[in-house]
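Please take these sequences and the hints and turn them into a complete structure.
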Amino acid sequence: MNILHMHPRAAEHHQSNLDRLIPDESELTAGVKIEAGRSYGFFTDTTVCIGCKACEVACKEWNNLPADNLGMTGQSFDNTGALSANTWRHVAFVEKSGAGGIRDGVEQPFQSGWLMMSDVCKHCHHAPCMEACPTGALFKTEFDTVVVQQDICNGCGYCVPACPFGVVEVSKLDGKAHKCTLCYDRLKGGLEPACAKSCPTDSIQFGELSDLQERAARRVEDLHARGVPSAYLYGTPGAPGATGGMSHLNAFFLLTDRPEVYNLPSAPTRPSRRVAPSLFSGLATVAGLTLAAAFLFAESERRP
Amino acid sequence: MTASYTVLERGPVDPPDRPDSAAERDMPRPAGTDAVWRGPTYYGRQALKPAPFEANVVGGYVFLAGLSGASALIATVADLSMGRRAEALVRRGRYTAMLAPTLGSALLAYDLHTPERFYNMFRVAKGTSPMSIGTWILMSFSGAASLCAAAQFAADRGVGPARGIARAASLPAALAGAGLATYTAALFAATSTPLWAAAPRALAVRFGSSAIASGAAALWLGERDGGLTRRLETLAAAALAVDLTADAVSALIYRRTGVAPALSGPAGMVEKVLATGLGAALPLGLYAASRLAGHRPTRGQGALAALAVLAGGALLRISMIKAGETSARRPDISFRFMQPDNLPEADPARDRPTIGRG
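Going down the list, the protein sequences come from chains L and W. 1 is the number of the first residue of the first sequence in the numbering used here; add one for each residue after it. 1 is the number of the first residue of the second sequence in the numbering used here; add one for each residue after it.
Hints may contain errors.
[As the list claims (entries may be wrong)] Below are the SDA-like pairs computed for lysine to any residue, each with C-alpha atoms no more than 25 Å apart in a straight line:
no.: 1; chain 1: L; residue 1: K197; chain 2: L; residue 2: V48
no.: 2; chain 1: L; residue 1: K96; chain 2: W; residue 2: R38
no.: 3; chain 1: L; residue 1: K172; chain 2: W; residue 2: T114
no.: 4; chain 1: W; residue 1: K126; chain 2: W; residue 2: S105
no.: 5; chain 1: L; residue 1: K188; chain 2: L; residue 2: D24
no.: 6; chain 1: W; residue 1: K126; chain 2: L; residue 2: G136
no.: 7; chain 1: L; residue 1: K140; chain 2: W; residue 2: F122
no.: 8; chain 1: L; residue 1: K197; chain 2: L; residue 2: E214
no.: 9; chain 1: L; residue 1: K172; chain 2: W; residue 2: F118
no.: 10; chain 1: L; residue 1: K140; chain 2: W; residue 2: W136
no.: 11; chain 1: L; residue 1: K188; chain 2: L; residue 2: A36
no.: 12; chain 1: L; residue 1: K172; chain 2: W; residue 2: N56
no.: 13; chain 1: L; residue 1: K140; chain 2: L; residue 2: S171
no.: 14; chain 1: W; residue 1: K126; chain 2: L; residue 2: G175
no.: 15; chain 1: L; residue 1: K197; chain 2: L; residue 2: L223
no.: 16; chain 1: L; residue 1: K60; chain 2: L; residue 2: S198
To be clear, the hints were calculated from the coordinates, so they are not data collected in a lab.
Here you go:
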């Protein structure tokens, strides 16, 4: 393109694409360019989580989410409790030492006896909530994330029991389903999600899914080599959490204890796989009984 | 400034007393002695969220859907095979079929959390969502059954061609009715709620057979013709026998997959004693006993059996919804259910060694 009256200083830039002179913020903060048509997700490395809850706060701030409760649970430092319609990041706290009244004599070489995990919507590849949604309010975005369209949702609540991770909830405040959007608005503007940006230890990493999965596999190898044999991935292809036809989770985790310890199921399944067996068994039953009825009604009267 | 949402105030109230406080919210009832997952849980908190359905409303709809679909089916079969001899039965069947399009649809819209947007159900048609499948089944059933009932009404008042229209419309109504009576089982089975997901096929057989039994029982109540009541009794008995068999099979599956404790509470008692015992076993026994004794049940006994079948059908749906919520709330049930041994046979993760190496 020949630009007339171009300022001579502009020619000093070696980049020929003037649009890209100023990089997107995500390139500076997460080292990733956000483009439509690619898969993005979270890799949450629980071994470096310090339980600061900056992600919870950043999420509430950016998404303008109302407070859920102001009570104490008495369950370690977790006063949030669970993911809900108004809480899209939830930091779980597990105190391993002393659990069950027995103090472990030998502690892990990191984090002492603490397990902390920032839980979030998994943005499943075959998202059960999206497959269940009868209005099309839940959809896959151009970034391969799963979002509820608030102007479509009619609060039928069917996505809630569909989710195998207990993430989606229908809000009592507005009667619509809510969950993490993976900061759809921020991605559109070239910003990484608020929780990942606020994470001070990079426990929450945002990026392109294939990059994240490679990075996570390297991290597991590294941890194994450094004496943490319990480290494993949850939600990558073939791993726990990606079972039963779930393929993989776009938000996946590195864990060091059984999934149940973090309130995650070992082997979730894709509910839509049960539609056909159930539907056809029911129809076969009714067809059989209808046939019986046809014989009954057709048979000639034997006695009054 | 007024907030557009409820702001919970901090106050000197013990957390369990305050609704929605973090301590109380999501907390399951204490695991009973029948706890099935002995491994760790996260402070006993629920791992799944129960469906935000009102059990009586949704259960009521599911029952009416089964009753209406089965009524349309039985009326069509009776019309095709007996014609004028079953005229009264066919008429009542076509009118009973209007329960789902009218009352049932109203119950469905009522259970939405944003009911004024009910029409968004018609934006899409999705094979992965039984609720979407059901929306379109109910739509087609409503159209055909309404036309059929209206034509029946006109025919009874001497409008010439109406009888033919009613008969023509009764065929699509019967086809959609078969779907309407059974898709609700897929609706529950295609979720992550353990009790509903554990036995997709057995649940569908139960819903289907119980719907046919309900339809036969409802049509029995108004029938005076001796031959037709006998046929309806036999049909109801056959459906109840299928229902009880599927119940026995599902009980085995529930025990094997570890969701059986969800049926140990009040809802489970209703399911076992009222829905299965009084609603299926008792009427079946009555029909069988009178057949063995060689005489027909008296009008009173027959009415008792028919009412028991109808009440049992409704209670089966309601109690399964409530017990399903329990199974989602209790992590000992949901974690047991979502173990690799409950994965489908073909899943490669089924035989994976224990998680982690630590």
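Right, here's what the structure says about each hint:
no.	hint	verdict
1	K197(L) / V48(L)	holds, 15 Å
2	K96(L) / R38(W)	holds, 17 Å
3	K172(L) / T114(W)	holds, 10 Å
4	K126(W) / S105(W)	holds, 19 Å
5	K188(L) / D24(L)	holds, 11 Å
6	K126(W) / G136(L)	holds, 9 Å
7	K140(L) / F122(W)	holds, 19 Å
8	K197(L) / E214(L)	holds, 20 Å
9	K172(L) / F118(W)	holds, 18 Å
10	K140(L) / W136(W)	holds, 23 Å
11	K188(L) / A36(L)	holds, 8 Å
12	K172(L) / N56(W)	holds, 19 Å
13	K140(L) / S171(L)	holds, 21 Å
14	K126(W) / G175(L)	holds, 23 Å
15	K197(L) / L223(L)	holds, 24 Å
16	K60(L) / S198(L)	holds, 12 Å
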